[in-house]
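Peer 1: Letter by letter, the chains look like this.
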Amino acid sequence: MIDLYDILFGVIGALIVFIVPPYLDGISRRVKARIQYRIGPPLSQTWYDLRKLFGLPSVLPTDSGLFKWAPYLALASALTAAFMLPFGGYALFNYSNNLIVFFYVVVMVSVFLMLAGFSVQNAFSHIGSTREMTLLLTVEPLLAVVYGVFAYNSGSLNILGIAMNLKPTVSLVLAYIVLFYALYMESGFVPFDVAEAEQEVIGGPLAEYSGRLLGVFYYAIYIKRFTLLWLFSTFIVLPFCKPLTPEKAAIALPLQLLIVFGLYPVIASLEATNARLRIDHIVKTNVKVFFISLAILAMAFVGW
Amino acid sequence: MDFVIYALMAFLAGALMGFLKEYKAVVRASSFLGFIASAFLFFQVVDVYINGALKTNILGIPISIDSLSNLFLLVVSLIGMASSLFSVNYMDYYEKKGKGWVYALTFNTFIMSMAFIVIVNSFEWFVFFWELMTLSSFILVFFSEEKKDIDASLKYYITMHFLNTFPLFLSLGIAYSLVGSFSKLTFPVIAAALAAAPLITKATFTILLLITFMTKAGVAPFHYWLPDAHPAAPSNVSALLSGTMIKVAVYGLVRSVFTIIGPSAILGYTIASLGTITLIVGTLYALRETIGKRLLAYHSVGQMGYIWLGIGIGAALIPKGGVYAAIGALGLFAGLFHVLNHAIFKGSLFLSAGAIIYATGEKDLNNLGGLGRYMKATALAALFASLAISGIPPFNGFLSKWLIYIAGYYSTSLLLAIGAVMAVFISAATLASFMKFYSAPFGGEMPEEKPVKEVPLMMLAGQWLLAGLALLIGVFPRIVVPLVNLPAGAPLKLTLFTYGYSASTFIPLYFAGLIVVLSLATYALLKPRETVKAKPWDCGSTYVEEGEYKVKADGYYLWFEQKIGSFYRFTDWAYSFGYSILKYIVKSYLWIARFFVKIVDTPYTKVESIEEIREHEVMYIDEEVFKPLVRFIKVAGNVLSGVRLGKFIALTVILVVVIGILFALL
Chain A
2 MIDLYDILFG VIGALIVFIV PPYLDGISRR VKARIQYRIG PPLSQTWYDL RKLFGLPSVL
62 PTDSGLFKWA PYLALASALT AAFMLPFGGY ALFNYSNNLI VFFYVVVMVS VFLMLAGFSV
122 QNAFSHIGST REMTLLLTVE PLLAVVYGVF AYNSGSLNIL GIAMNLKPTV SLVLAYIVLF
182 YALYMESGFV PFDVAEAEQE VIGGPLAEYS GRLLGVFYYA IYIKRFTLLW LFSTFIVLPF
242 CKPLTPEKAA IALPLQLLIV FGLYPVIASL EATNARLRID HIVKTNVKVF FISLAILAMA
302 FVGW
Chain B
459 MDFVIYALMA FLAGALMGFL KEYKAVVRAS SFLGFIASAF LFFQVVDVYI NGALKTNILG
519 IPISIDSLSN LFLLVVSLIG MASSLFSVNY MDYYEKKGKG WVYALTFNTF IMSMAFIVIV
579 NSFEWFVFFW ELMTLSSFIL VFFSEEKKDI DASLKYYITM HFLNTFPLFL SLGIAYSLVG
639 SFSKLTFPVI AAALAAAPLI TKATFTILLL ITFMTKAGVA PFHYWLPDAH PAAPSNVSAL
699 LSGTMIKVAV YGLVRSVFTI IGPSAILGYT IASLGTITLI VGTLYALRET IGKRLLAYHS
759 VGQMGYIWLG IGIGAALIPK GGVYAAIGAL GLFAGLFHVL NHAIFKGSLF LSAGAIIYAT
819 GEKDLNNLGG LGRYMKATAL AALFASLAIS GIPPFNGFLS KWLIYIAGYY STSLLLAIGA
879 VMAVFISAAT LASFMKFYSA PFGGEMPEEK PVKEVPLMML AGQWLLAGLA LLIGVFPRIV
939 VPLVNLPAGA PLKLTLFTYG YSASTFIPLY FAGLIVVLSL ATYALLKPRE TVKAKPWDCG
999 STYVEEGEYK VKADGYYLWF EQKIGSFYRF TDWAYSFGYS ILKYIVKSYL WIARFFVKIV
1059 DTPYTKVESI EEIREHEVMY IDEEVFKPLV RFIKVAGNVL SGVRLGKFIA LTVILVVVIG
1119 ILFALL
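Those protein sequence lines, which keep their order, are chains A and B.
Note that my numbering gives residue 93 to position 92 of the first sequence, counting from 1, and the numbers run on in steps of one.
Note that my numbering gives residue 814 to position 356 of the second sequence, counting from 1, and the numbers run on in steps of one.
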């Protein structure tokens, strides 16, 4: 059943997914520049960079077909993940509505990034790929706990179902904090940018990429970051919009966008004021965070 | 139709192929007959699915194929087909050993015994075929006859002896004492008798069966034999061991819990907890493994944990009734679906590992690399199966794992929810170790340039039969889900393309289509521009060889392994504890053996360890008794052949002897 609202929200959502992510990076660069007493590039700078990369030929260091196809598969995965999120309550492509499915699709971006890194004979891209995987290994358990709290709290694991049925408890607030931490880390923002780490492992899995292929990969990563943030803003906005009527959805969509735009400067300032952590530090910290979050899960089951 | 009887005949014919002279003819003919027999089993599965349960009698063995048996028969037939196809060429690798007839006999017996375990309707025959399966697999495990492999198979056999044969025979005894007749020992009859039995009998029976199936399935803490035994066997047999044999133990578990004993909360929570522990232990050990087949074997332990978690959720929640029963049935369904899925992708992975060994002769992932260029078809099959076991949609592993998570999270029980949390975490660990399993041999370049050829067609056919199924089932779950759901009866949301439970749905075809269309569209839109070829940039390093310029398989997740080191220390301790128990069992065996075995080449040596028996020339008690007679006959033969008697004299002697005997009788 397709009605006008679906099409309207769909079009707006698609525009947001395709156009906004590089601008968010632009905002981030601007904020970082201001913190460092620079003026900074224009907001569209990231788009200009991408356009330049799209125009350049690529150097192929291997015959592997995976190396050539990975950027496109990563981009497709990032877009597919974005399309299942509610834009004002309406998903663009409703192939699933489940939170776990969403995170699996997001992980596919990392999977193709790692496969790309491993497909070429370069120690730097191998190191980057193993770091990306190690990071994922420590993020997934945190997300798993968040699923548990959400499922018990709302009785559902569907994105809309969770947002509509959440009951305010202490454990829920803590779960939101864990969720934000996990999303921040999975996006690979600065203290956790060990996988790409330009100064250290010259871009990690991206080390051998250049030109258009690199551009496609960057675009995929921007969209992935945006998608994760959009999920968070959805969980903030939609619980206040129940029951979800088209009118409320029309308010929800700009609110979601606003929160994403509002959170990005916060993230940028966190990035600008922090130095990269070492991978062993991250693992050590996250093992602790995992045990703490198990306590949060227990709290949720007690009813707090 | 009784396709089983044709399958049985084909298996027997395959075993008889051992009489052929030439090694290659033996392994090819017997493997191909194994394929045909497995195909007959598959026809049987289709037949039962269409025409309903089958009750029949083959050579006096009562057969009953209901929906649960049918599912496991499907597993046996699929992996049997793929593995036999693969064997046609793969067994050439072992030509030096020249034990064609051993292979022909045991390989076919092995598949046949597994097929019969899941379809017999008599506890007695169940035990018989169970022992036949253990014996034939034991012989296959030490097929290569290297010392390490013999140790592994010994460990396997002694473990099975103590933790499988003893409990099984004891439970058979309990069942017999309850029913009072061997001929009536069918599962429903035992169930009825057990329901009236006192609690202590019931508990003993349950614990005995649980130990049996835990050990065979490789559930912690009885998993220690598995990572040694599975890699020791030839790869086609490893595929059967990991794909099918440990699933047969799951059949035993489900059959005994749901048909004989009856599900209960405490049993369910026990099974689910064992599953959770197993999936953590198995997979985290797999993470630091670098021998390809050992890595896969540890993952069999880990994935078995998922299956037990699902079945445990089922056993715990189904007795509660109402909405919980629905979630429990969902968990049971997901566990059973994972049985099928795991058999498919793990079978394929072991066959791919076998293809790597066949092509390069190398087992260690550290020394491999760059095979992707030469073995494209194998690489893609391995990639598919790796993504499937990591639970990446739209492959089949995702579908079953996802419903296990959902069942765990919806259970509203903290224990089961923690099980689901661990399952999600371990799914990432699985991904990590399969990134390694795929990338280390197929990615990058070779350590040193060597000519490597793609494996023969039949081997590819075996791999691709399963790898293709992993994708096909992932995209069209409708193909098998109704069959799998028959025994569980979960209220799934299943239409032509949709798959899911209540409000949580997933449309794999839609998703796969989206990924394919989007990647093709972006590729078409942003095609890589005129490209330049160049060598990977090595920062101008001059001292590192090009082949060495990479991260080796053992360095992949070093930091993670170090930071969770206390986990490994604890389980290593538990492992050594178990191992010392095993050592004492072996010692007690030796103590008994001392009465039966005598070292003959150096008199007065006391037997202290198995190695001594192996190193010295030994004589068994039966040999000792008959040795004088044998010696006499030998000597007599030598003497007689030395004395050149004419034919006439020989005949006369015989005549005299015969007449003498006749006189004596008169």
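Derived from the structure by calculation, the hints contain no laboratory data.
Any given hint might turn out to be false.
As the list claims (entries may be wrong) - If you anchor each label on the Cβ, the simulated ranges turn out as follows:
hint, chain 1, residue 1, chain 2, residue 2, range
1, B, SER1024, A, LEU44, 45 to 51 Å
2, A, LEU259, B, VAL975, 41 to 47 Å
3, B, ASP1012, A, HIS282, 21 to 27 Å
4, B, LYS554, A, ILE293, 56 to 62 Å
5, B, THR870, A, PHE262, 35 to 41 Å
6, B, GLY780, A, LEU259, 26 to 32 Å
7, A, VAL171, B, PHE627, 52 to 58 Å
8, B, ASP1012, A, PHE262, 42 to 48 Å
9, A, LYS289, B, LYS605, 41 to 47 Å
10, A, PRO255, B, ILE724, 24 to 30 Å
Unchecked claim - Stretch-level coverage of chain B by chain A, calculated; a stretch enters the list once three of its residues show a Cβ under 8 Å from a Cβ in chain A:
hint, region
11, 711–720
12, 828–834
13, 900–910
14, 993–1001
15, 1031–1039
Being a predicted model, the structure only gives us computed values, none of them experimental.
C-beta atoms are modelled at their ideal positions from N, C-alpha and C, and glycine is treated no differently.
Peer 1: All hints are to be evaluated individually against the structure, with a verdict given for each.
Peer 2: Tested hints:
1. One distance hint, 45 to 51 Å for the beta-carbon pair SER1024 of chain B and LEU44 of chain A, holds here, with the actual separation near 48 Å.
2. With their beta carbons about 32 Å apart, LEU259 of chain A and VAL975 of chain B fall outside the hinted range of 41 to 47 Å.
3. At about 22 Å, the beta-carbon gap between ASP1012 of chain B and HIS282 of chain A stays in the expected band of 21 to 27 Å.
4. At about 57 Å, the CB distance of LYS554 of chain B to ILE293 of chain A agrees with the hint of 56 to 62 Å.
5. Remark: the range hint 35 to 41 Å for THR870 of chain B to PHE262 of chain A is upheld by a beta-carbon distance near 38 Å.
6. In this structure the supplied range 26 to 32 Å is violated for GLY780 of chain B paired with LEU259 of chain A, their Cβ-Cβ distance being about 43 Å.
7. In this structure the supplied range 52 to 58 Å holds for VAL171 of chain A paired with PHE627 of chain B, their Cβ-Cβ distance being about 55 Å.
8. In this structure, ASP1012 of chain B and PHE262 of chain A meet the distance hint of 42 to 48 Å, their C-beta atoms being roughly 45 Å apart.
9. The supplied range of 41 to 47 Å is met by LYS289 of chain A and LYS605 of chain B, whose beta-carbon atoms lie about 45 Å from each other.
10. Range check, PRO255 of chain A to ILE724 of chain B: Cβ separation about 53 Å, and the 24 to 30 Å hint is violated.
11. Counting residues of the region 711–720 of chain B whose CB lies closer than 8 Å to any CB of chain A gives 0, so the stated coverage by that chain is violated, three being the minimum.
12. Judged by the Cβ-Cβ criterion of 8 Å, the region 828–834 of chain B is covered by chain A as claimed, because 3 of its residues qualify and three suffice.
13. Judged by the Cβ-Cβ criterion of 8 Å, the region 900–910 of chain B is covered by chain A as claimed, because 3 of its residues qualify and three suffice.
14. Taking a C-beta to C-beta cut-off of 8 Å, the region 993–1001 of chain B contributes 5 residues in contact with chain A, enough for the three needed, and the coverage statement holds.
15. For a cut-off of 8 Å, the count of residues in the region 1031–1039 of chain B with a CB near a CB of chain A stands at 0, and the three-residue condition is violated.
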